[in-house]
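First to last, the sequence lines map onto chains A and B. Its first residue numbered 0, the first sequence is counted upward by one per residue in numbering that gives the first Met the number 0. Its first residue numbered 0, the second sequence is counted upward by one per residue in numbering that gives the first Met the number 0.
Keep in mind the hints are simulated off the structure, nothing from the lab. One or more of the hints may lead you astray.
You can't tell identical chains apart in this list, so a pair holds if it fits in one copy or across any two.
As the list claims (entries may be wrong) - The calculated lysine-lysine pairs, modelled on DSS-like cross-linking and capped at a C-alpha distance of 25 Å, are: (1) 166 with 73; (2) 238 with 166; (3) 144 with 184; (4) 184 with 73; (5) 1 with 144; (6) 71 with 144.
Number of protein chains: 2
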Amino acid sequence: MKHEIYIVGMGPGREEDMTQEALTVLDSCDVIVGYTVYLNLLGERFLGKTFLSTPMRQEVERCRMCYEEAKKGKRVALICSGDAGIYGMASLMYEMSAEYPSCELTVVPGITAASSGAAVLGAPLNHDFCVISLSDLLTPWEQIKARLRAAVLGDFAIALYNPSSRKRADYLQRACDILLDAGAKGTRACGYVENIGRDGETAHTCTLQELREIQVNMFTTVFIGNSQSVIMGDKLVTKRGYQIGAGARARAKERG
Amino acid sequence: MKHEIYIVGMGPGREEDMTQEALTVLDSCDVIVGYTVYLNLLGERFLGKTFLSTPMRQEVERCRMCYEEAKKGKRVALICSGDAGIYGMASLMYEMSAEYPSCELTVVPGITAASSGAAVLGAPLNHDFCVISLSDLLTPWEQIKARLRAAVLGDFAIALYNPSSRKRADYLQRACDILLDAGAKGTRACGYVENIGRDGETAHTCTLQELREIQVNMFTTVFIGNSQSVIMGDKLVTKRGYQIGAGARARAKERG
Numbered sequence: 000m001k002h003e004i005y006i007v008g009m010g011p012g013r014e015e016d017m018t019q020e021a022l023t024v025l026d027s028c029d030v031i032v033g034y035t036v037y038l039n040l041l042g043e044r045f046l047g048k049t050f051l052s053t054p055m056r057q058e059v060e061r062c063r064m065c066y067e068e069a070k071k072g073k074r075v076a077l078i079c080s081g082d083a084g085i086y087g088m089a090s091l092m093y094e095m096s097a098e099y100p101s102c103e104l105t106v107v108p109g110i111t112a113a114s115s116g117a118a119v120l121g122a123p124l125n126h127d128f129c130v131i132s133l134s135d136l137l138t139p140w141e142q143i144k145a146r147l148r149a150a151v152l153g154d155f156a157i158a159l160y161n162p163s164s165r166k167r168a169d170y171l172q173r174a175c176d177i178l179l180d181a182g183a184k185g186t187r188a189c190g191y192v193e194n195i196g197r198d199g200e201t202a203h204t205c206t207l208q209e210l211r212e213i214q215v216n217m218f219t220t221v222f223i224g225n226s227q228s229v230i231m232g233d234k235l236v237t238k239r240g241y242q243i244g245a246g247a248r249a250r251a252k253e254r255g
Numbered sequence: 000m001k002h003e004i005y006i007v008g009m010g011p012g013r014e015e016d017m018t019q020e021a022l023t024v025l026d027s028c029d030v031i032v033g034y035t036v037y038l039n040l041l042g043e044r045f046l047g048k049t050f051l052s053t054p055m056r057q058e059v060e061r062c063r064m065c066y067e068e069a070k071k072g073k074r075v076a077l078i079c080s081g082d083a084g085i086y087g088m089a090s091l092m093y094e095m096s097a098e099y100p101s102c103e104l105t106v107v108p109g110i111t112a113a114s115s116g117a118a119v120l121g122a123p124l125n126h127d128f129c130v131i132s133l134s135d136l137l138t139p140w141e142q143i144k145a146r147l148r149a150a151v152l153g154d155f156a157i158a159l160y161n162p163s164s165r166k167r168a169d170y171l172q173r174a175c176d177i178l179l180d181a182g183a184k185g186t187r188a189c190g191y192v193e194n195i196g197r198d199g200e201t202a203h204t205c206t207l208q209e210l211r212e213i214q215v216n217m218f219t220t221v222f223i224g225n226s227q228s229v230i231m232g233d234k235l236v237t238k239r240g241y242q243i244g245a246g247a248r249a250r251a252k253e254r255g
């Protein structure tokens, strides 16, 4: 018999932002493993489950905990905020899977911050886009810089994850400078969303030049439009290219 | 009173892949507008709702239909497959919103094919990535080409939407050639998923050189790893950079 482990994306945090499938899977599990902050977001529905955690940065140990619990015969879910496969634990679980041939992994996707933040801000990612993390814990800064420059070169809309932390207070400013240096105009339409789907959710639009001066925190997702994006009222919109008048003109022509 | 319109991402198609919020919003609406294929995916739960549609390519008319129904006092949902704000109708609705000042838009995010397809394939987007559509209906091919080249330059993992259609049978091959020409190796780890979350869901891994020879259809999402991605069994995995041995070594050291 295979030991089943589910790697579950919980979306921004509220139960109603999870998919039905994610809820059903969590309901079916004996043990839910996750970073404490995310476990604490799970409500009454999950009373009676065994909750297991490891401190921040102990991701390898957290994954190993899942495998060890599964080997005991428990049905295990590993929860990740947002999507399990976008800066989540899915890849690390697969990397470790060779050590645990009796275990079978299933990834259950969730709403990542690019989607949930974009929904709050309007439609900033409604055309080709990049997702880039500014955290250099696991990625050399030179690689992040190369990706920011490439994003401008390809004229992608951009979602920036992990734009700041206590130790990286100026990273968003540095990222903006790289984008500007790569040719993005200071008037480029941008926005950011704090505490997506949680208490204190707020959204703001601004220009790239203004974004450079803003102090964001680790619960912020930043959106940078492509060269054609516009701010409409309090929304950031990246057009897909539909001709709004075309249909009306065609109808008028048909009518003669 | 504001007339409420919800632009709802339904995910890959099954009711269980929708978020609780999306289901609750659809439950609360009188009228559900969408492309017929997506309306047909909605089950018994929505019997009794008024379903309205326009043919393919009549997206402007479909959006206008939402506004007109809302102005009649109906509570309206516009459904999009995947996420409402990723190649969905959110941006077009905002673009038209100035004509309908009495209407208020809310975007309800859904699981986009990048997330749902990645979950089936393993963890191909577990580090910085780009999402690029190969459809040149609304985007000049030269722009698509520039984005593909930039994606290689930044060493992003890539999710390709709309990789093929009857009229664009060779577009995936052309895209692969652009990636190869931009410096991606023929051995680059890739994969593709057909009919995500629907009957006939299948996933395959292959190299970039092999991908070039594969005929995909319009219900396929293609994943191209970054230079470090690997194929593990039948899964495509893009590592995030955790040192799997590090924790074990630290523990061994603690134990002396």
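Right, here's what the structure says about each hint:
1. 166 with 73: neither (38 Å within a copy, 50 Å between copies)
2. 238 with 166: The answer is between: 24 Å across copies meets 25 Å, while 36 Å in one copy does not.
3. 144 with 184: Close inside one copy (17 Å) and across copies (22 Å); limit 25 Å.
4. 184 with 73: neither (54 Å within a copy, 42 Å between copies)
5. 1 with 144: neither (43 Å within a copy, 44 Å between copies)
6. 71 with 144: Neither. Shortest intra-copy (44 Å) and inter-copy (51 Å) distances fail the 25 Å Cα cut-off.
The earlier numbered hints that this structure contradicts are 1, 4, 5 and 6.
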